[in-house]
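Protein chains: 2
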Amino acid sequence: MRAMDEREISPAVIDRLPRYFRYLGVLKEDGVEKISSQELSSLMNVTASQIRQDLNNFGGFGQQGYGYNVEYLHEEIGKILGLDKQHNLIVMGAGKLGQALINYMMYRNRGFLFKGAFDTDASLWGRTVGDIRVFPPEKLEEFIRDNHIDIAVLTLPKTEAQATAERLAAAGIRAIWNFAHVDLKVPGNVLVENVHLQDSLLKLSYKIHSYERDN
Amino acid sequence: MRAMDEREISPAVIDRLPRYFRYLGVLKEDGVEKISSQELSSLMNVTASQIRQDLNNFGGFGQQGYGYNVEYLHEEIGKILGLDKQHNLIVMGAGKLGQALINYMMYRNRGFLFKGAFDTDASLWGRTVGDIRVFPPEKLEEFIRDNHIDIAVLTLPKTEAQATAERLAAAGIRAIWNFAHVDLKVPGNVLVENVHLQDSLLKLSYKIHSYERDN
Numbered sequence: 001m002r003a004m005d006e007r008e009i010s011p012a013v014i015d016r017l018p019r020y021f022r023y024l025g026v027l028k029e030d031g032v033e034k035i036s037s038q039e040l041s042s043l044m045n046v047t048a049s050q051i052r053q054d055l056n057n058f059g060g061f062g063q064q065g066y067g068y069n070v071e072y073l074h075e076e077i078g079k080i081l082g083l084d085k086q087h088n089l090i091v092m093g094a095g096k097l098g099q100a101l102i103n104y105m106m107y108r109n110r111g112f113l114f115k116g117a118f119d120t121d122a123s124l125w126g127r128t129v130g131d132i133r134v135f136p137p138e139k140l141e142e143f144i145r146d147n148h149i150d151i152a153v154l155t156l157p158k159t160e161a162q163a164t165a166e167r168l169a170a171a172g173i174r175a176i177w178n179f180a181h182v183d184l185k186v187p188g189n190v191l192v193e194n195v196h197l198q199d200s201l202l203k204l205s206y207k208i209h210s211y212e213r214d215n
Numbered sequence: 001m002r003a004m005d006e007r008e009i010s011p012a013v014i015d016r017l018p019r020y021f022r023y024l025g026v027l028k029e030d031g032v033e034k035i036s037s038q039e040l041s042s043l044m045n046v047t048a049s050q051i052r053q054d055l056n057n058f059g060g061f062g063q064q065g066y067g068y069n070v071e072y073l074h075e076e077i078g079k080i081l082g083l084d085k086q087h088n089l090i091v092m093g094a095g096k097l098g099q100a101l102i103n104y105m106m107y108r109n110r111g112f113l114f115k116g117a118f119d120t121d122a123s124l125w126g127r128t129v130g131d132i133r134v135f136p137p138e139k140l141e142e143f144i145r146d147n148h149i150d151i152a153v154l155t156l157p158k159t160e161a162q163a164t165a166e167r168l169a170a171a172g173i174r175a176i177w178n179f180a181h182v183d184l185k186v187p188g189n190v191l192v193e194n195v196h197l198q199d200s201l202l203k204l205s206y207k208i209h210s211y212e213r214d215n
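Sequence lines, in order, name chains A and B.
One point on numbering: in this note's numbering, the residue at position 189 of the first sequence is 189, and numbering is uninterrupted.
One point on numbering: in this note's numbering, the residue at position 28 of the second sequence is 28, and numbering is uninterrupted.
The set of hints was computed from the structure by calculation and includes no laboratory data.
Idealized CB from N, CA, C, for every residue including glycine.
A couple of the hints might just be wrong.
To be verified - Stretch-level coverage of chain A by chain B, calculated; a stretch enters the list once three of its residues show a Cβ under 8 Å from a Cβ in chain B:
hint, stretch
1, 13–27
2, 77–90
3, 96–103
4, 163–177
5, 197–211
Unchecked claim - The calculated DMTMM-like cross-link candidates involving lysine to aspartate or glutamate, where the alpha carbons are at most 25 Å apart (straight line), are:
hint, chain 1, residue 1, chain 2, residue 2
6, A, K115, B, D199
7, A, K115, A, E138
8, B, K185, A, D30
9, A, K185, B, E39
10, B, K85, A, D199
11, B, K96, B, E141
12, A, K96, B, E193
13, B, K185, A, D214
14, A, K158, A, D199
15, B, K85, A, D214
16, A, K96, A, E138
17, B, K115, A, E212
18, B, K203, A, E8
19, B, K79, A, D199
20, A, K185, A, E160
21, A, K28, A, E71
22, A, K34, A, E71
23, B, K203, A, E193
24, B, K203, A, D84
25, B, K115, B, E193
26, B, K79, B, E8
27, A, K115, A, E160
28, A, K34, B, D183
29, B, K28, A, D183
30, A, K28, B, E160
31, B, K185, B, E141
Can you make the complete structure from the sequences, with help from the hints?
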């Protein structure tokens, strides 16, 4: 028998969790102490019953007639998201996108520490991006081991992505945040989250095209 | 009565369209002329019946016993995605993320032309990123009108995002590609596609945490 918190959570719920975390974080910053599912509902543009259902996956958190304690719920969702643990990251590909991500994400995310970057371009070796040093690929396995790296960010050309992903998997990486414009094939124990920027822009283009046709 | 290509397409299908386009583009580059839904299925890790269903939304394209003509299907999906039309883009916020996006996306996407960037930071005015000039916000409305801008990319702090989105909507922009870490409230005729990088990283963290708990 599995405990309640171990049952299978649907991808749609997982998609919404970071959004709950974000809204609760803003409410907390604004000094809001409690919120009803109705208020959260109108704020987030999700039905109140959806919110109750989603949170019931993790055991509820709400009190009938009181609503949710903002700080507590924010903290608990943070734990569900694994934010009570530290993650160590490396960036594979220190080109423009890799550099921007380091600079953009580095100070914004508690729990996620950028430890180093790797690039095949020798002119970048030894340089720093933010505070992050760029290393040659030869150092990869040793670096992953010594620095307890669990997440690799892939910001390299799609032609190099699959081979790099396999090497990272063999080196014991736990998860890949993939910005390369290709779907990776990795062992089941390596978790992948894709950010396909081109696909996202094409979806926007589809929406424009489809809106113009229908209106 | 609405013609077949005008019926409502589900968001899940729209999510998959850019991926079909991407795989067909690679096949085309590789010189593949035709492909069965079974072959495409194993390549894309989607069931063959899913592929047939998805494409039937747009009238099919396949021939029984032949499969799909790769170049034709690539072209047709491109049209469905609105790639037979040119889109003119501006970037709101020429900081590190904005600059990286301009440099990263500029040469990769036929049909999407970056025309200019805007920033409140006066030290950036007149400078260029790639070939793209940075302008002061005062020029925004005139620039949108004169350059037939239909898409604005939002790469600015979340505190400025909502006000900027409203100004863009009033200036007649059609769509917003939003990288700010906030959900925008805009009129229904302004289409929004979000890239919430923090949310994506939190999803990856959730997956790691949940995998470790279950294994």
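Each hint, compared with the structure:
no.: 1; hint: 13–27; result: holds (count 7)
no.: 2; hint: 77–90; result: holds (count 6)
no.: 3; hint: 96–103; result: holds (count 6)
no.: 4; hint: 163–177; result: holds (count 3)
no.: 5; hint: 197–211; result: holds (count 15)
no.: 6; hint: A:K115 x B:D199; result: 21 Å, holds
no.: 7; hint: A:K115 x A:E138; result: 16 Å, holds
no.: 8; hint: B:K185 x A:D30; result: 19 Å, holds
no.: 9; hint: A:K185 x B:E39; result: 17 Å, holds
no.: 10; hint: B:K85 x A:D199; result: 17 Å, holds
no.: 11; hint: B:K96 x B:E141; result: 24 Å, holds
no.: 12; hint: A:K96 x B:E193; result: 23 Å, holds
no.: 13; hint: B:K185 x A:D214; result: 22 Å, holds
no.: 14; hint: A:K158 x A:D199; result: 14 Å, holds
no.: 15; hint: B:K85 x A:D214; result: 16 Å, holds
no.: 16; hint: A:K96 x A:E138; result: 21 Å, holds
no.: 17; hint: B:K115 x A:E212; result: 22 Å, holds
no.: 18; hint: B:K203 x A:E8; result: 15 Å, holds
no.: 19; hint: B:K79 x A:D199; result: 15 Å, holds
no.: 20; hint: A:K185 x A:E160; result: 13 Å, holds
no.: 21; hint: A:K28 x A:E71; result: 6 Å, holds
no.: 22; hint: A:K34 x A:E71; result: 8 Å, holds
no.: 23; hint: B:K203 x A:E193; result: 7 Å, holds
no.: 24; hint: B:K203 x A:D84; result: 14 Å, holds
no.: 25; hint: B:K115 x B:E193; result: 19 Å, holds
no.: 26; hint: B:K79 x B:E8; result: 17 Å, holds
no.: 27; hint: A:K115 x A:E160; result: 21 Å, holds
no.: 28; hint: A:K34 x B:D183; result: 21 Å, holds
no.: 29; hint: B:K28 x A:D183; result: 17 Å, holds
no.: 30; hint: A:K28 x B:E160; result: 20 Å, holds
no.: 31; hint: B:K185 x B:E141; result: 20 Å, holds
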